[in-house]
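Novice: Input sequences plus hints: build the corresponding full structure.
Single-letter residue listing:
There are 4 protein chains.
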Amino acid sequence: MTERNTSTDSPEKRAAGIAAAGLVSSGMVVGLGTGSTVAYTIKELGRRVKEEGLDILGVVTSYQSEMLAIDAGIRLTTLSQNPELDIAIDGADQIDSELRAIKGGGAAHTREKIVSMSARRFVVVADESKTSTQLVKPVPVEILPFAKELAINKIRNLGGEPKLRSAVKKDGPVITDNGNFILDVEFGTIKDPEALALQLSAIPGVVEHGIFCNVDELYIGKKDGSVKTVPRQK
Amino acid sequence: MTERNTSTDSPEKRAAGIAAAGLVSSGMVVGLGTGSTVAYTIKELGRRVKEEGLDILGVVTSYQSEMLAIDAGIRLTTLSQNPELDIAIDGADQIDSELRAIKGGGAAHTREKIVSMSARRFVVVADESKTSTQLVKPVPVEILPFAKELAINKIRNLGGEPKLRSAVKKDGPVITDNGNFILDVEFGTIKDPEALALQLSAIPGVVEHGIFCNVDELYIGKKDGSVKTVPRQK
Amino acid sequence: MTERNTSTDSPEKRAAGIAAAGLVSSGMVVGLGTGSTVAYTIKELGRRVKEEGLDILGVVTSYQSEMLAIDAGIRLTTLSQNPELDIAIDGADQIDSELRAIKGGGAAHTREKIVSMSARRFVVVADESKTSTQLVKPVPVEILPFAKELAINKIRNLGGEPKLRSAVKKDGPVITDNGNFILDVEFGTIKDPEALALQLSAIPGVVEHGIFCNVDELYIGKKDGSVKTVPRQK
Amino acid sequence: MTERNTSTDSPEKRAAGIAAAGLVSSGMVVGLGTGSTVAYTIKELGRRVKEEGLDILGVVTSYQSEMLAIDAGIRLTTLSQNPELDIAIDGADQIDSELRAIKGGGAAHTREKIVSMSARRFVVVADESKTSTQLVKPVPVEILPFAKELAINKIRNLGGEPKLRSAVKKDGPVITDNGNFILDVEFGTIKDPEALALQLSAIPGVVEHGIFCNVDELYIGKKDGSVKTVPRQK
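Chains as they are written, first to last, in full-length UniProt numbering: chain A, 1 to 234; chain B, 1 to 234; chain C, 1 to 234; chain D, 1 to 234.
Hints may contain errors.
In this list, chains with the same sequence are indistinguishable; a pair is considered to hold if it fits within one copy or across any two.
Each computed DSS-like pair below joins lysine-lysine, with the alpha-carbon atoms no more than 30 angstroms apart [unchecked claim]:
#1 Lys163 / Lys43
#2 Lys191 / Lys154
#3 Lys163 / Lys50
#4 Lys50 / Lys222
If you are wondering where the hints come from, they were derived from the structure by calculation, not from laboratory data. Everything numeric in this text was worked out from a predicted model, so none of it was measured.
Specialist: Here it is as structure tokens:
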């Protein structure tokens with residue numbers, strides 16, 4: 001995995017992120033994803049709160065998303081107080097033509113999945129490079145540190161090749177916001193994401209894997225600044 | 001749930017616990033479960049270490065099991081250093097005639113499951129009152145606090161009635177050794193434990209449920225001090 | 001420690017709890033403590049929100065306090081979004097004539113201390129039985145599990161006799177909302193609480209101790225339903 | 001903070017790391033620090049275990065140190081089972097002429113401090129670039145996420161300038177092995193490290209700071225491969 005870049009301006013990410021913010025209206029409770037594309041959504045929502053009096057509540061998916069939302073001036077609530085969200089908007093590492101996505105490059109996919117499944121509508125924002133006919137990227141899997149060896153063995157039995165994600169700014173492995181490890185698992189081309197999702201969930205010590213099969217709509221940002229939307233096929 | 005009693009002497013628990021300790025021999029790495037019955041196993045292993053020179057390494061499943069094992073003088077290792085155990089011995093809250101068990105009354109079932117699945121042989125020790133033709137007790141489910149409302153909703157969709165376990169010696173809910181909540185879920189008679197296990201695992205925010213389908217052998221202690229052993233039917 | 005009782009109605013706790021709620025007015029951000037006395041404050045604030053249109057934001061100190069506040073209909077925020085509170089109201093296990101308090105019977109004192117120190121005014125509510133000329137109750141100390149033995153040794157060097165708090169509804173020790181242990185430390189009569197506080201904080205592995213020296217005002221509920229207020233001596 | 005480099009061979013780190021391993025003999029329980037210099041110690045101890053039959057038990061200070069020790073073939077134990085260590089060996093980010101050290105660049109200083117204070121002798125290994133007449137580097141401070149704003153305010157009151165450490169391989173802040181945040185605090189020249197240590201410990205929400213005043217002996221590796229040892233002045 002290469003270093004995650006959230007600093008450089010990206011017209012396609014910006015286009016997708018801002019377009020999806022247009023789905024939000026006053027009175028909504030909004031799930032706020034994590035990563036560089038949805039960061040544009042959060043900033044745009046904050047702009048509308050300040051400039052247009054948009055009245056919303058946000059639910060964050062990570063410490064990063066919390067910090068961005070607070071900077072943007074979005075009032076936050078929690079799933080405990082507002083268990084049902086009107087919409088959740090988030091990025092993805094890869095998404096296929098049937099809107100199955102791989103997430104977790106930012107190690108935030110556990111809370112992201114919980115938030116997205118608490119929403120009536122789940123929208124993914126991404127630049128064109130994230131779309132693919134099939135899912136081929138490594139799948140991030142959050143595991144309890146205690147279960148590392150067992151999870152590695154069971155994942156290998158499923159045909160995956162797991163690699164413990166190492167940190168750069170601390171010694172040893174990356175630790176998630178929940179205090180756990182991330183395995184980045186190479187599966188080659190994932191032919192049946194729904195089946196793999198169930199198999200991964202059944203492994204003891206797996207907290208959550210990065211396969212998402214609950215995307216309702218995809219906003220793809222292009223280099224010319226246009227946005228293509230793809231609804232889920234019923 | 002009534003208060004867990006680990007203090008009173010119980011001849012049937014003692015009989016089962018000590019009998020299972022007989023399966024352990026020098027050179028083994030042994031998974032040490034949590035609870036009042038396997039506590040007899042741990043004490044007996046400690047006695048054999050001291051009096052008979054039994055040379056084993058233990059892997060604990062909880063802070064309780066760690067403290068008991070250290071008191072008993074059993075040298076401990078970890079799954080990181082010894083990922084494959086020769087045997088794991090643990091209790092159960094209920095176990096049916098096909099050796100499917102419900103565990104988690106002690107809130108330790110996540111590590112217990114990881115340890116038991118890391119063992120080549122998993123033996124459950126229990127008194128007669130724990131055996132049942134079918135599983136009818138509430139199923140403890142460890143969940144991320146962040147996912148409480150979502151998990152409750154999804155579990156209700158499966159036909160369960162979840163109740164957040166409250167603590168007695170602290171305010172608010174019981175917190176597990178992993179920092180999470182426990183839902184005790186009433187399902188009535190569980191007709192297909194294997195299927196329910198998969199459904200529970202697939203819920204985001206569920207860390208681990210208390211249904212165990214990997215028991216190899218059951219040691220049942222009776223009031224007359226005798227022990228009946230039941231191997232898994234192939 | 002005896003079982004914590006939050007179910008029985010107590011006129012003196014009720015009197016103190018409700019009186020302190022009178023310090024809260026619209027526009028305030030309010031720290032909401034944990035325990036049976038401040039539970040009356042939370043319920044009263046909720047009543048005023050519903051019946052009188054009181055417009056406040058709450059910051060909770062525990063999962064218990066969060067659940068009560070949500071049930072009461074108090075909108076919640078976080079210290080991240082609102083780092084400075086107008087007031088914090090909380091209970092105490094014991095409080096002396098100079099308003100030094102022992103807290104932590106509910107194992108929530110770490111977050112309680114952080115919240116109370118984030119408030120411009122910190123008010124303690126208690127029934128008469130909690131007041132004392134000197135602090136003599138055991139001091140709860142939250143410690144990292146990893147540091148248990150070191151903390152016990154260092155605390156004994158300070159003249160304390162620590163006892164690991166055991167759970168009732170789970171096997172093994174009580175785990176705090178932060179995932180740690182509680183030592184209940186008997187010090188006899190604590191002659192210099194401020195000095196002891198510094199000594200305890202300096203021990204590696206001590207997350208937070210239950211000595212509070214930042215109480216601004218005490219509301220004492222009496223059996224006749226009257227309330228005595230005691231301001232801090234400057 | 002620049003990226004931590006543990007991959008390139010360094011003759012001075014190697015010299016110090018290997019020399020300190022010479023202090024270890026059979027029968028000892030040894031605290032194993034974290035970082036690139038003590039990694040040489042761990043590898044050398046592993047070599048002696050395999051080639052010379054050295055019979056020791058290790059206690060690790062981080063997931064990194066655990067993985068290295070297991071790879072090296074060192075049998076591990078825990079502070080719970082062996083609360084008193086014969087020696088602990090660890091690196092440092094900076095160390096002054098009175099053997100006061102700053103640690104925590106690897107975000108492991110909380111467990112490192114607990115381990116070092118559990119040892120009868122604490123030896124620091126470092127290359128020459130780490131020595132300094134005075135401590136001037138930023139001090140890493142591990143804090144509870146819940147206490148971020150309070151800790152920042154209190155640290156600023158002490159004259160420090162804190163900066164939340166950001167992660168590279170996950171979105172948002174670095175999370176420690178204990179699930180917490182790291183503030184890197186610029187204090188300029190630290191004139192009285194012992195006093196600052198007490199002040200930092202007293203801040204609620206501070207889990208542990210990176211100032212170590214318990215070093216017994218320093219092993220300095222030089223570019224020519226020689227090692228200078230500096231005992232603590234009594």
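Novice: Each hint needs a verdict: does it hold in this structure or not?
Specialist: Status of the hints after comparison with the structure:
Only between protomers do Lys163 and Lys43 lie at most 30 angstroms apart by alpha-carbon distance; the minimum there is 22 angstroms, versus 34 angstroms within a single protomer. When the C-alpha separation of Lys191 and Lys154 is checked against a cutoff of 30 angstroms, the pair qualifies both within a copy, at 19 angstroms, and between copies, at 27 angstroms. In the homo-oligomer, the alpha carbons of Lys163 and Lys50 lie at most 30 angstroms apart only across protomers (27 angstroms), although the nearest pairing inside one protomer, at 44 angstroms, exceeds that limit. For the identical chains of this complex, Lys50 and Lys222 are intra-copy neighbours only, at 28 angstroms inside a copy versus 49 angstroms across copies, given an alpha-carbon limit of 30 angstroms.
The earlier numbered hints are all upheld by this structure, with none contradicted.
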